[in-house]
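Asker: In case you want the letters, here they are:
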Amino acid sequence: KNQVEQSPQSLIILEGKNCTLQCNYTVSPFSNLRWYKQDTGRGPVSLTIMTFSENTKSNGRYTATLDADTKQSSLHITASQLSDSASYICVVRVQTGANNLFFGTGTRLTVIP
Amino acid sequence: NAGVTQTPKFQVLKTGQSMTLQCAQDMNHNSMYWYRQDPGMGLRLIYYSASEGTTDKGEVPNGYNVSRLNKREFSLRLESAAPSQTSVYFCASSGTGQGAYGYTFGSGTRLTVV
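In the order they appear, the protein sequences are chains A and B.
Residue numbers are given in the numbering used here: position 39 of the first sequence equals residue 87, and the series is strictly consecutive.
Residue numbers are given in the numbering used here: position 77 of the second sequence equals residue 68, and the series is strictly consecutive.
Certain hints may be false.
[Said to hold, decoys possible] FRET-style restraints, in silico, Cβ to Cβ:
hint: 1; chain 1: A; residue 1: 77; chain 2: B; residue 2: 30; range: 28 to 38 Å
hint: 2; chain 1: A; residue 1: 88; chain 2: B; residue 2: 54; range: 22 to 32 Å
hint: 3; chain 1: A; residue 1: 53; chain 2: B; residue 2: -6; range: 42 to 52 Å
[Said to hold, decoys possible] Counterexamples of contact, computed for chain A against chain B with all Cβ distances above 10 Å:
hint: 4; residue: 52
hint: 5; residue: 76
hint: 6; residue: 93
hint: 7; residue: 115
hint: 8; residue: 130
I should point out that these hints are in silico values taken from the structure, not numbers from a laboratory.
Glycine residues also receive a C-beta, built at the ideal position from the N, C-alpha and C atoms.
Could you build all of it, start to finish, from the sequences and the hints given here?
Answerer: Quick look at the structure:
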C-alpha cells in the first residue's frame, strides 16, 4: 500500500534553534518528493521538490534531503523564526496512475520566543 | 498575480442543503484539482480535471460533483450536504498534465455541515 508517514506529529522549539522533520514513504514507482509549508488557515505552499537523483536541496533556511534507497526524506530548518510556525507536509508523486500524489499528515511546528 | 482563488472562505450548511464551491486560477494551468483536508489525515483528492472539458474521480468522490467551466474555473458541488462532508476544501492547479510540478493551492474553504 502506498503510504507517506511523517514524524513527529508535532514539535515545539525555541526561536533560533534548529529542527529536523522526517518523512518515510513506501510509494512506488517514485517520481518526486515535495515539502510544503501550510500556515494556519492557508493552502500549502511548496518549499522544495526533489527527484530520484537529487539528495539535497536548499531553499533559504530550509534544507531537504532524500535517500531514495531507504525511502526517507528530511526537512531541516536552521535558525528557526516565529514565522516558521506552520504544518509541514511531505508529498510523494508516483510515476503512474491518475491519482498519483500521496500526502503525509504533516508535522505541526510551533516556534516560541 | 492572484494564483488560485477560492470562494467562499467559510460556509455553514444544514444537512441536505446544496452548495457550490468556486475556484478560479489565472496561471493558464491545464489541470485543476479539488482536495479535502481532515484532521489527522493527508489531503485526499476528490475530483480532478486534467484539461478543459475533462473531469475524473479521485480517491473520495462520493457526494460531490464537479464542473470544469472553462480553463480558468473548476467548481465543486455538494448536492445534499452531510455532516461527514465537514472539512476544509482546497482547490489546486498545475501546469503540466497530471501535476508533476508546480502545484498551486488556494487558501481553502472551511465547510461545516450541521
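Asker: Verify that the Cβ of residue 130(A) lies farther than 10 Å from every Cβ atom of chain B, and report whether the claim holds or is violated.
Answerer: With a cut-off of 10 Å, residue 130(A) remains clear of chain B, as the shortest Cβ separation is near 21 Å.
Asker: Would you check whether the claim that residue 76(A) is not at the interface survives, using Cβ distances to chain B and the 10 Å cut-off?
Answerer: 16 Å, holds
Asker: Confirm or reject the statement that residue 93(A) sits farther than 10 Å, beta carbon to beta carbon, from all of chain B.
Answerer: Given a closest Cβ separation of 7 Å, the condition is violated.
Asker: Would residue 115(A) pass as off the interface with chain B, using Cβ distances and a cut of 10 Å?
Answerer: Label holds. Min Cβ-Cβ 21 Å, cutoff 10 Å.
Asker: Just double-check residue 52(A) for me: nearest Cβ-Cβ distance to chain B has to come out over 10 Å.
Answerer: Violated, because the least Cβ-Cβ distance between residue 52(A) and chain B comes to about 7 Å, which does not exceed 10 Å.
Asker: For the range 42 to 52 Å, tell me whether the beta carbons of residue 53(A) and residue -6(B) fit it or not.
Answerer: Violated, since residue 53(A) and residue -6(B) (Cβ atoms, about 30 Å apart) do not stay within the stated range.
Asker: A range of 28 to 38 Å was offered for this pair. Does it hold for the Cβ distance of residue 77(A) and residue 30(B)?
Answerer: 31 Å, holds
Asker: Take the C-beta atom of residue 88(A) and the C-beta atom of residue 54(B), compute their distance, and say whether it sits inside 22 to 32 Å.
Answerer: 27 Å, holds
Hint compliance for this structure: hints 3, 4, 6 are broken, all remaining hints hold.
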